[in-house]
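Once you've looked at the hints, go ahead and assemble the two chains, each given alone in its own frame, into the complex.
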Amino acid sequence: MLLLSITAVSCGGDEADQAQEVEQDITEETLQQDTGDLMFTVNGEDFVRSGFVSMDGWHITFRHLYVTITDITAYKSHPPYDPHSGGEIIATTQVDLDGVFTVDLAQGDSNTGPILIGTLDDVPAGHYNAITWSMVPSSEGPSRGYTIYLDAQAEKGDQSYNVRLGFETGYRYSAGEYVGDVRKGFVNAGVPGELEMTFHFDHIFGDIDQPADCDLNMMAIGFEPFAALMGEGTVEEDLATLERKLPREIYAKLLEVLTTLGHTGEGHCHCTVIQ
Amino acid sequence: MKTLLPFAALLLLTVPLFGHGARAIWELQGDSVHISASYDDGQPLSRAQITVFSGAAPSVPYMVGMTDENGEFSFLPDREESLDWDVQVRSAGHGDMVHLSLTEEPEAASEQGTFSTLQVVLMSACVVWGFVGTAFFFASRRKK
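Residue numbers (the numbering used here), protein chains in the order written: chain C, 1 to 275; chain Y, 276 to 419.
Just chain Y, with the same shape it has in the complex (with noise of 0.2 Å):
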C-alpha cells in the first residue's frame, strides 16, 4: 500500500489552502485601538483570550483582558510608549495575532484608511463641482 514519491517529482500546487481558524482585524476609533475577532465562518470569538505587547518590549504583555459576546475589545495605547504594537486573540485552539503600527497623534479617519460610500460620493461630486464652476467661470469671461 505504501507508495514513495520521489522528491524530485514534487510539485507545488498554487492553490491557496485555508481551512478554519480565528481571524483579528482591528481598527482606530479616536484615539482607541478596536479589535473585532471571529471565526473563519464569521462566528464571533467570544470571550477570548486577549494580550496586548508593546512594541517597547514586545516578549512581555503589557496589558491582558477579554473579548465580549461580539469577538471585540478596545485599549487606549499609550504612544509615548510606542507607536508598535500587537495583540494576540485565542480561544479554545484558535488564535491570531494582529499587528499595529501607529502614528504620533491619533488621526480622525480610521488608520486603515478606508473611506465610505457616502464619503467617497460626496468628494466626487466636490471635485466634479470644482470643474463645472470653472467652466462657468471661464465660459462667461468670453461673452464679456
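Next up, chain C with everything else stripped away, as it sits in the complex (with noise of 0.2 Å):
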C-alpha cells in the first residue's frame, strides 16, 4: 500500500478586484474568431535611450545602437514553448515578418515605447506566446558589418572616452511568451496584437544600482575593461581585436554575456550562436 503525503500550502496574493489594468478584455470565444494584426517591435528600454551607470560606475550614454534583425517568425506554440529546456516550438500556427531591419534603439527618450518595425495583417486570431528571431550584420550603414554597433559616450570623474564598439556574431533567439506589465500577443478581430523583441544591454555593463553580488552584475564585465584599451579618448574595436586585447577570461565572459541580450520583456531566450 502506497502513503502519499500531501500538504497543502496556505494561499498567497490578492483577488481579481486587485488586478492590474491591461490593455483588453479578451476571452478564450473571442480568441475563437477571425482575423487580426500583429505587430512586431524592438526594445533597448530605457537603458540605451536614457543612458545608465554602470557597475563600476561608468555613466554611459548612447548616441546609437544598431541591431540588425531579420528571420522573425511568430507563433502560437503549444505546448506553450519553455526556452529553458530549447529545443523545437511546436505550433498550431505561425508567422513569418519577412524583411532585414536595421533599429537604432537609442532613439527616443523615458517617453518613447517601443519601436515598431512592421506589421502582418490579416493573420489567424488567437493568442501568439512565441517568437524567434536571428540578429546578423548589417549589410548597410553606420552598423555595416555587426551585428550590434554602439556608438556612445563613456563619463567617469574626468574621464571620458568616445565609444565605439562593433560585434559581428550572429545569434538566433528562441522565446516564449512575453514577460512584462501586460500580457502581450493576443490578436483578435478589431485588436492588434504585439510581439517585442527586447535587448538587455545592461547585461554588458551592469547596472550600479543594483546590488554588486547580484546576479546581472555578476554576469556583466562592466565598462572598466574597455576603458583600458582607450586610444586617445576613444575606444573603437570589435570582437577580432577584442579576442586579441581583452583578458581571456574577460573576453570569453563577453563572447557568454552577448547571448543573452535577447528578451521578450523580461522573459529570456533560448540562443543559439551563428557562425
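Among these hints, one or two may not hold up.
[Claimed, not checked] Okay, the calculated beta carbon distance ranges per label pair: (1) C:LYS245 / Y:ASP306: 55 to 65 Å; (2) Y:GLU302 / C:GLY113: 34 to 44 Å; (3) C:ARG244 / Y:ARG322: 38 to 48 Å; (4) Y:GLY408 / C:GLY87: 37 to 47 Å; (5) C:PRO247 / Y:ASP315: 18 to 28 Å; (6) C:ASP46 / Y:ASN345: 22 to 32 Å.
[As the list claims (entries may be wrong)] Distance condition first, Cα-Cα at most 20 Å in a straight line; then the derived EDC-like pairs of lysine to aspartate or glutamate: (7) C:LYS253 / Y:ASP315; (8) C:LYS253 / Y:ASP316; (9) C:LYS245 / C:GLU256; (10) C:LYS245 / C:GLU224; (11) C:LYS156 / C:GLU224; (12) C:LYS245 / C:GLU168.
Derived by calculation from the structure, the hints in this document are not laboratory data.
Keep in mind the model is a prediction, meaning the values are calculated, not measured.
Each residue gets a CB set at the ideal place from its N, CA and C atoms; glycine is no exception.
Now the structure itself:
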C-alpha cells in the first residue's frame, strides 16, 4: 500500500479586484474569431534611450545603438514554448515577418515606447506566445558588418571616452511568451496584437543600482575592461580586436554575455550562435 | 576593423546557450498550485511579483501576489472557471511564465506525475512479490 503525503500550502496574493489594468479584455471565445493584425516591435528599454551607470561607475549614454534583425517568426505554440529547455517550437500556427531590419535602439527618451518594425495584417486570431528571430551583420549603414554596433559616451570623474563597439557574431533567439506589465501577443478582430523583441544591454556593463553580488552584476563585465583599451579618448573595437586585447577570461565572459541580450520583455531566450 | 560576413556563409551552431535568468516551476499540493521561483544559480526569487491568469480570460490578471522569502507562492485555482492557468513571476528585470493544465478533479498525487524513490521501491516490491506468490501457487499444485 502506498501512502501519499500531500500538504497544502497556505495561499498568498490578492483576488481579481486588485488586478492591474490591461489594454484588452479578451476571452477564450473572442480568440476563436476571425483574423487580426500582429505588430512586431523592438525595444532597448530606458537603459539605452536615457543612459545608465555601469556597475563600475561609468555613466554611459548612447548616441546610437544599432541591431540588425531578420528571420522573424511568431508562433501560437502548443504546448507553450519553454526557452529554458530549448528545442523545437511546436505550434498550431506560425507567421513570418519578412525583411531585414536595422534599428537604432537609442532613439527617443524615457517616454519612448518600443519601436515598431512591421505589422502582419489578417493573421489568424489567437494568442501568439512564442517568437524567434536572428541577429545578423548589417549590410549597410553605420553598422555595416555588425549585428550590434554601439556608439556611446562613457564618463567617470574627469575621464571621458568616445566608445564605438561592434559585435560581428550572429545569434538566433527563441523566446516564449512576453513577460512584463501586460500580457502581449493576443490577436483579435479589431484588436491588434504585439510581440516585442527586447534587448538588455545592462547585461554587458552591469547596473550600479543593483547589488554588486546580484546575478546581473556577477555576469556583466562592466566598462573598465574597455576603458583599459583607450587610445586618445576613444575606444573603437570589434570582437576580432577585443579577442586580442582583452584578458582571456574577460573576452570569454563577453562572448557569453552577448548570448543573453535577447529577451521578450523580461522573459529570457534560448540562444544559439550563428557563425 | 569591419568584417562583413556573407549571409550565405552563416552556419548555426547547435550548442544551446542560456545565460542567467529566472525559472519558475509548479506542482499540485492537494488542490492548491504551488509555485517555486529561483534564479538560474538556484537563489530564490524572493518578493517577486506574481500575476495569475485564468484561461477563461487570459489577458486579464485573475490574481496578483508576491512570492515569500523562499521564492514560493501558492493559490487555489477555481476549476469551474478554467482548467488552464498561467502564472507570471517577475523580479528586477528577471521573469518567467509557467503554464498549467489541470484536471477537473484535484489529484492525490503531483500533477507532474513523479513518484518518490520509496514509492517506486514499494511498487516494485509488490510486483515482484506477486510473481513470486504466483510461482509458489503453481509449484505447490504440481506437488499434489
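Requested in this report: Of all the hints given earlier, name the ones this structure violates by number, lowest first.
Outcome: The structure conflicts with no hint, since it agrees with every one listed earlier.
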